[in-house]
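Protein chains: 2
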Amino acid sequence: MTEANKGYFTEENSADVVISRIAETTDPRLAEVVGAITRHLHAAVKEIEPTQEEWLAAIKFLTETGHKSDDWRQECILLSDILGVSMLVDAINNRKPSGASESTVLGPFHVPDVPELPMGSNICLDGKGHPMQIKGRILNTEGQPLSNVKIDVWQTNDDGFYDVQQKGIQPDFNLRGVFRTGDDGTYMFWGAKPRFYPIPDDGPVGKLLGSLGRHPYRPAHLHYILEAEGYETLITHIFDPDDEYIHSDAVFGVKESLLAKFDLIEDPDRIAKEHPEGPFYEVEHDFVLAPAS
Amino acid sequence: MTEANKGYFTEENSADVVISRIAETTDPRLAEVVGAITRHLHAAVKEIEPTQEEWLAAIKFLTETGHKSDDWRQECILLSDILGVSMLVDAINNRKPSGASESTVLGPFHVPDVPELPMGSNICLDGKGHPMQIKGRILNTEGQPLSNVKIDVWQTNDDGFYDVQQKGIQPDFNLRGVFRTGDDGTYMFWGAKPRFYPIPDDGPVGKLLGSLGRHPYRPAHLHYILEAEGYETLITHIFDPDDEYIHSDAVFGVKESLLAKFDLIEDPDRIAKEHPEGPFYEVEHDFVLAPAS
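As they're listed, the protein sequences go chains W and G.
First residue of the first sequence? That's 1 in our numbering, and the numbers climb one at a time after it.
First residue of the second sequence? That's 1 in our numbering, and the numbers climb one at a time after it.
Chain W with its partners taken away, still in its complex shape (with noise of 0.2 Å):
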């Protein structure tokens, strides 16, 4: 509180009169963040000054984000995720040491307690889409093979559906899986190639998506979590460079070093020995994983 103004509110001190009331037997924390988030949001409104009618249109955006959201539904996530903060939040909790793989968002449709699978395996079980092969190795960043590393993957359907968008429609686990690495630090499977979907856009984040002149959807992707003992586990996708959306994901997942090349196998000799049902995609791509810190 400024003894001249004695805590009155003035357009000048206003982010200042706010914070002064915060108690100073506050939790450090809370007061750092609410004091920041305070500045931030004065400074946001003094930029814009907007209308009466335009805050009201704020609160009430607001309002009904909040009443979107369910038990399995999470419109105020949906919001974060298109303003580009979820990334955000995701970036800075996971600077990664050069040369290591980089991180990007779990999203809303991992399943703990998926079935461990032998290597090879395939996770495709509604038969539905393009066969695909998907490999490479896990290394630690001085280029080592890692052993007994949980690679947990899942990934859509050729409709662009999770399993747990169609229950009844799809397989239990389709498209889930489970892999351990051996001593040679490699994994394989099969799946389907994925393709890209929409985020859910039937609330008030999907109407400010259309005002923004911009679509929902997300670009073909694999999503892994990578756990090993003495690493930091790597929450991250792979991508499909070749999507149409590939430059303007929905939620702005999409690192450089994520894109995969998903390259169709056309070669008689590799389907003869690998697929002999006909030809496939194969996408093969390394992860690098950071040493605990």
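To be clear, the hints were calculated from the coordinates, so they are not data collected in a lab.
Be a bit skeptical, because a hint or two may be false.
Using 27 Å as the maximum straight-line C-alpha spacing, the simulated DSSO-like pairs for lysine-lysine come out as follows [as the list claims (entries may be wrong)]: (1) Lys207(G) <-> Lys207(W); (2) Lys46(G) <-> Lys46(W); (3) Lys96(G) <-> Lys46(W); (4) Lys46(W) <-> Lys150(W); (5) Lys96(W) <-> Lys46(G); (6) Lys150(G) <-> Lys60(W); (7) Lys60(G) <-> Lys60(W).
Since chain W is already given, all that's left is putting chain G on it; use the hints.
Quick look at chain G alone, frame taken from chain W:
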């Protein structure tokens, strides 16, 4: 989209990437507002560096704030209020020329179409509290009295509640009135000395106030809306400067120019002439209206 990274997200360019997605066909004001919000929001996140858990706590807080809002309760507005945002928007939209009375927030308890009463009426219909005479003049910035000014006033009763908060308990239109000035520009009516009262604090916003060591109270005040042809409508309060919360209004509504002395009149001559029932409070306050722009 910068050519260098093809629009892919990095911690450094995060806000630019998000803003670059706004289509050129977007309504220019919406593009400006979303651009400013994105920049300030990313700046706040970069300063705060929230953990994933803190980010999720913020998501939950916003969700609960939306859920608490319904036709009768607007928790998002309360959040705006306690962060000083409502007052800042009010200040930006009501910059007054030198000498004109200042505005403050409307609040949620205004009622339209209140009956017009003759000057000198008593708006205190429940007989509670300390009788109070409220009077003054309505002037223009040249100091001339203004006639035909519509004065719309409302206040809490001695229990700290507005009539609309106690329907069936307080008489309808208790402590509300509309008056109209004559040629001398003066006004006078009787009410009851107002009381401090809490904003609704049983929701997430009240919980946040508690965590910040802040109380939920607004110091005692009377609300005014003054309307006159050729002048800017003035929405304001006058405050009791002796109220214990005068330096800590939970919604930052107090401005120094809105303090009005509430005097206890014990002079037997004035009591005999003006209020034979006994001592009374007197508050005298002039308002100066700015010319319509």
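How the hints compare with the structure:
no. : hint                    : in the structure
1   : Lys207(G) <-> Lys207(W) : 31 Å, violated
2   : Lys46(G) <-> Lys46(W)   : 20 Å, holds
3   : Lys96(G) <-> Lys46(W)   : 17 Å, holds
4   : Lys46(W) <-> Lys150(W)  : 50 Å, violated
5   : Lys96(W) <-> Lys46(G)   : 17 Å, holds
6   : Lys150(G) <-> Lys60(W)  : 31 Å, violated
7   : Lys60(G) <-> Lys60(W)   : 18 Å, holds
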